[in-house]
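Colleague: Sequence:
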Amino acid sequence: MGKASPYDLNSSSDAQTCGIRHIGIGIYSTGKIREYLLKKGFTCEAADEAVTNLVKREYINDERAGRKVLLSRSGKKQESRSYIRQRLLAAGISRDASDLLMNEVAQDNELCFNLYLSLKPSVSDYDEALDSKDELIKTAGRRGFGFETSQNAYDRWLRKVTDDSKE
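Take 32 as the starting number for the sequence shown in my numbering and just add one per residue.
Hints listed in this document are in silico derivations from the structure and should not be mistaken for laboratory results. Model, not experiment: these values are computed from the prediction. A hint or two may mislead.
[As the list claims (entries may be wrong)] Subject to a maximum C-alpha distance of 30 Å in a straight line, what follows is the list of computed DSS-like cross-link-like pairs (lysine-lysine):
#1 108 - 164
#2 151 - 169
#3 71 - 164
#4 108 - 151
#5 107 - 169
#6 108 - 71
#7 87 - 70
#8 151 - 164
#9 99 - 71
#10 70 - 99
#11 70 - 107
#12 107 - 151
#13 191 - 107
#14 87 - 107
#15 87 - 108
#16 151 - 99
#17 191 - 108
#18 151 - 191
#19 87 - 99
#20 71 - 169
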């Protein structure tokens, strides 16, 4: 038989305490803390009130949690704007905070170009650049970039790395 909860599951105060213990020094979103409290058995009302109070007390900040998501999907792990938005929402970031953060994210053509530069910052010659095309475009497709965006970013990347290799 399982241990009885040390918390009053109808109490928003106990839900806040439970949430704070879970957060520790980590960065969590409102959605993830609400989900955690519900799994612990707190009522919806207690969880919602606790999350609201934890936001007011600055234990939870969706923008900060969202920036952590954005940082984790940059460089060699870069994804398209649509994939980033999905990832933010899946991380429990509120729609308002997601919208605000997405205003700071570059357009797909820039993101895809930066992905290519991260994956292959230089080439030894033009043939190596051409040989990389299929691999780069497949990777971009897996990261949510459309074919036209991937192709345009590849053309831009090709000009950049072949110009740099002439120096």
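Colleague: If a hint holds in the structure, say so; if it doesn't, say that too.
Modeller: Each hint tested on the structure:
no., hint, in the structure
1, 108 - 164, "holds (18 Å)"
2, 151 - 169, "holds (14 Å)"
3, 71 - 164, "violated (49 Å)"
4, 108 - 151, "holds (13 Å)"
5, 107 - 169, "holds (14 Å)"
6, 108 - 71, "violated (33 Å)"
7, 87 - 70, "holds (22 Å)"
8, 151 - 164, "holds (11 Å)"
9, 99 - 71, "holds (25 Å)"
10, 70 - 99, "holds (24 Å)"
11, 70 - 107, "violated (34 Å)"
12, 107 - 151, "holds (9 Å)"
13, 191 - 107, "holds (18 Å)"
14, 87 - 107, "violated (36 Å)"
15, 87 - 108, "violated (33 Å)"
16, 151 - 99, "holds (25 Å)"
17, 191 - 108, "holds (21 Å)"
18, 151 - 191, "holds (11 Å)"
19, 87 - 99, "holds (20 Å)"
20, 71 - 169, "violated (42 Å)"
The structure does not agree with the numbered hints 3, 6, 11, 14, 15 and 20 stated previously, though it agrees with the rest.
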